[in-house]
Amino acid sequence: MLRLDGVSKVYRVGTFGGKELHAVSNVSFDVKDGEVVSLIGESGSGKTTIGKMILRLLSITSGTISFNGVDISTLEGGELKEYYRKVQGVFQDPFSSYNPIFKADRVFRIIREEFFPGINSREWNTKVESTLRAVGLNPDDVLNKFPHQLSGGQLQRFLIARALLLDIQFLVADEIISMLDASRRIDVLNLLADLKSRGLSILFITHDLSLGYYISERAVILYRGCVVEMGSTEKIYYNPLHPYTKMLMASVPRLDKKWEEVEVELRAMEAELSSGCVYYERCPVADKDGGCARDRPTLLEAESDHFVACIRYAEERPPLYKAS
Amino acid sequence: MSLQVENLTVYYQTLRGDVQALESATFTVADGEIMGLAGESGCGKTTLAHSLIRLTPPMRFVEGRVELDDEELPVWDMERMNDFRFKKISIIPQYAMNAMNPTRKIGKMTSELLESRKVDFKATLPELKRRLNLVELSHDVLNMYPIELSGGMKQRMVMVLSTLMNPSLLIADEVTSALDVSSQKAVVEMLVGFRDRGFVKSLIVITHDISILYQIADSIMIMYAGQLAEKASTEVIIHAPRHPYTKLLIASLPKVGVKYSEKRLTGIPGSPPLLLDPPIGCRFRERCPVAFEKCLDVPPFIEIEKDHFVACWKEFEKNAQA
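So the protein lines, in turn, are chains U and Z. Anchor point for the first sequence: position 284 equals 284 in our numbering, and the numbering is continuous, going up by one each time. To convert a position in the second sequence, counted from 1, into our numbering, add 324.
Be a bit skeptical, because a hint or two may be false.
To be verified - Simulated pairs of lysine-lysine, DSSO-like, Cα-Cα distance not exceeding 30 Å:
1) Z:Lys618 x U:Lys257
2) U:Lys258 x U:Lys246
3) U:Lys235 x Z:Lys579
4) Z:Lys429 x U:Lys258
5) Z:Lys630 x Z:Lys412
6) U:Lys246 x Z:Lys630
In case anyone wonders, no lab produced these hints; they're calculated from the structure. Quantities reported herein were computed from a predicted structural model and do not represent experimental measurements.
Could you build all of it, start to finish, from the sequences and the hints given here?
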């Protein structure tokens, strides 16, 4: 459905724009129909930039983003409007997404003016009310109110309802849970899960790993604008391979394990996984590009009745004797 | 006992009446204890923290008694509290990022701060530098303006400043909310380090992120709508909570390894009451799955097991039978 191909975003910084800041470099991944992909990274890792590029709020420096096979950077005028009919975003801070001077339902009115000019009022009101019910809000409680009269969770669901009015196929959810209270988070998360089962694809941008695990099939880990690891959520969580992912997994506060336990576990996993020669780190003659880091050498007979487990002797003689 | 709070009640004065933000809080924090304070926004956790150190209008002291190291704290008297603030009781405020004077270099600001408390800056300087080392800040920060520091650095600088006088009690109000996961970990581990090194005797850590408290706190106190709901050791709160609100709250938190397709978590239906005119009795009554007629009275905050306090009539009855 949505595909990113070698997408980069470079900002010019410094006094005369002499320096370059690579906010996102060469990122490729795709989101299939009805799939939730988590984009995980710390602040400054470029996750929001990617979300904004998908929503065409930022231009792309190089690479392409295509939606159903169409390059989105070429869309203009009516085509762009059609794109926004299918792709919408919800952002982190629900309070700043509204103009405090106007009532909160103004966001719905704008959608009506822009996308449904022909619809009559009765039909529109029914549509708004059924959408509000779909996101778990009671229309009588929330319509005709100012933003400050509604809670963060209500405002956030309002914004999701706004996106749903358009019959969207793809939602960019940028940290939509972070600002909410612990007891409210799960309601919004479950709402996203329900929408997904109705065929909506979601790019779930977050820095909270447990939220990402709860909802998504696949995860993309970003560090300084580069994808360091991606794949099925289970595999990444239970078997993180990249050192950054491991560090991230170890620093996330969890409810089932203390930090010390996580660290011990990771270290044990490391020892098990490091497949190279056990002496590799300290070996003065280790072959950096060769097999020393990759394969654990088996015990070889270097001369009669003298065994050594070092790859340097493997080339000269075939293993005569293999220790377990 | 380091801190002893009895029946502390604090309201906010508004034109429409009093907002009953903190209702008869009674609890203790032992020497060396790190107590986590958690609850939804608007449940009174920050009110509780501020009433211990800086009770300013529109906050109004109604009743209660606060003792720190067997000495009564005159929390209702702004002037007299000056003797205790910073030296005996200190706070890392929620807005720590903006807590420092932007027009002064940090070293200059620190010396002014110490002089205002009649402490010699020169004599304190070596200790200040030692603590900067501990939080991995270079001594150059003393010659910088706050704007030159990153968010995490400012947070650590404020931590050093707040604890410079070795207070008995330190209140850390949402210190991790604005930080990344890896700096969050560093900051809270420094807090624990401060306790272990004896810079502070006890700590109250306020946050809405219970998973952080699980990592560092010795005990957790849960608040709901201005009332204390439950206080117990961290393990008990997470694994064997007794108050219905705590149970629902803990159950609604997603953990790594839980997927909605395998185990769908549920939230707490309803929303917290408005504290301008709060319902009588237990304030959780309307959302509580086990509420009964007795809940129209305010439940007492009783000790059902050693160091395990619960304010719930159901638990009260079970305890009375046993």
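Quick rundown of the hints versus the structure:
1. For the given pair, lysine 618 (chain Z) sits about 38 Å from lysine 257 (chain U) by alpha-carbon distance, which is inconsistent with the 30 Å threshold.
2. About 15 Å separates the Cα atoms of lysine 258 (chain U) and lysine 246 (chain U), which keeps this hinted pair within 30 Å; it holds.
3. Annotation: proposed proximity of lysine 235 (chain U) to lysine 579 (chain Z) holds, straight-line Cα distance about 16 Å (limit 30 Å).
4. A threshold of 30 Å between alpha carbons decides the hint, and for lysine 429 (chain Z) with lysine 258 (chain U) the separation of about 39 Å lies outside it, so the pair is violated.
5. For the hint pairing lysine 630 (chain Z) with lysine 412 (chain Z), the CA-to-CA distance comes to about 28 Å; that is within 30 Å, so the pair holds.
6. Distance hint between lysine 246 (chain U) and lysine 630 (chain Z) is unfulfilled; the C-alpha atoms sit about 39 Å from each other, more than 30 Å.
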